[in-house]
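Colleague: In case you want the letters, here they are:
There are 2 protein chains.
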Amino acid sequence: MDNNIFIGNKPFMNYVTGVVMQFTTKNSPEVVIKARGKFISRAVDVAEVSAKRFLDNTVSVKDIKIDSEGFQNKEGRDVRVSIIEITLGKNQ
Amino acid sequence: MDNNIFIGNKPFMNYVTGVVMQFTTKNSPEVVIKARGKFISRAVDVAEVSAKRFLDNTVSVKDIKIDSEGFQNKEGRDVRVSIIEITLGKNQ
Numbered sequence: 012m013d014n015n016i017f018i019g020n021k022p023f024m025n026y027v028t029g030v031v032m033q034f035t036t037k038n039s040p041e042v043v044i045k046a047r048g049k050f051i052s053r054a055v056d057v058a059e060v061s062a063k064r065f066l067d068n069t070v071s072v073k074d075i076k077i078d079s080e081g082f083q084n085k086e087g088r089d090v091r092v093s094i095i096e097i098t099l100g101k102n103q
Numbered sequence: 012m013d014n015n016i017f018i019g020n021k022p023f024m025n026y027v028t029g030v031v032m033q034f035t036t037k038n039s040p041e042v043v044i045k046a047r048g049k050f051i052s053r054a055v056d057v058a059e060v061s062a063k064r065f066l067d068n069t070v071s072v073k074d075i076k077i078d079s080e081g082f083q084n085k086e087g088r089d090v091r092v093s094i095i096e097i098t099l100g101k102n103q
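Protein chains in written order, with our numbering: chain A, 12 to 103; chain B, 12 to 103.
Since the hints were derived computationally from the structure, they do not count as laboratory data.
Possibly wrong hints are sitting among the right ones.
Intra- or inter-copy, both count: the list cannot distinguish identical chains.
Unchecked claim - Pairs of lysine-lysine residues, derived as DSS-like cross-links and limited to a Cα-Cα distance of at most 30 Å, are as follows:
#1 63 / 85
#2 49 / 101
#3 73 / 85
#4 37 / 73
#5 37 / 85
#6 101 / 37
#7 101 / 85
#8 85 / 45
#9 21 / 76
#10 21 / 37
#11 76 / 63
Since the model is a prediction, treat every value here as computed from it, not as a measurement.
All chains, please: the whole structure from these sequences, using the hints.
Modeller: See below:
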């Protein structure tokens, strides 16, 4: 079962609903919120709003990883982009 | 000694230089990079570029915390802002 949520530029509440439904309807023990570049701030907002406002602290942050990836852009230049992965899990 | 670096809208390299100097000139064992709201993505970029490009992996991420704070804006509305704290530390 895919419990990853990739954050992009859809409406904010789409992502929060996605996280909340993974824990409720699909009964996942964990959900991983992933984002790159400028969407990293949004990933943190999604994690905070989902856990604190909607899941009422029945879920909390279990792990946070940051990393960066190098790739070539359209002009052939080497660029780097940062990545975040926030793992939310049900409290015991 | 203050080893916190608060990320805002100054030029990107100011923050990277600040982190690198804490570890080199000031010989700090740890530096904490802090940011709120939209500056969170930038904090991750500063951590990644400092550790991987400038400090050549002699430093790595020791801890990452996220949180959110509620406050009243100028119009008296309750708003929430997300926070990140990334702790970089020297490798043993």
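Colleague: Hints first: check each against the structure and report whether it holds.
Modeller: Against the structure, the hints:
1. 63 / 85: between (40 Å within a copy, 24 Å between copies)
2. 49 / 101: both (28 Å within a copy, 27 Å between copies)
3. 73 / 85: For residue 73 and residue 85, the Cα distance exceeds 30 Å both inside one copy (37 Å) and across copies (34 Å).
4. 37 / 73: For residue 37 and residue 73, only the intra-copy Cα distance (19 Å) is at most 30 Å; the inter-copy one is 33 Å.
5. 37 / 85: neither (39 Å within a copy, 40 Å between copies)
6. 101 / 37: within (13 Å within a copy, 41 Å between copies)
7. 101 / 85: neither (41 Å within a copy, 36 Å between copies)
8. 85 / 45: within (24 Å within a copy, 33 Å between copies)
9. 21 / 76: both (23 Å within a copy, 25 Å between copies)
10. 21 / 37: within (22 Å within a copy, 44 Å between copies)
11. 76 / 63: both (20 Å within a copy, 15 Å between copies)
The structure is inconsistent with the numbered hints 3, 5 and 7, although it conforms to all the rest.
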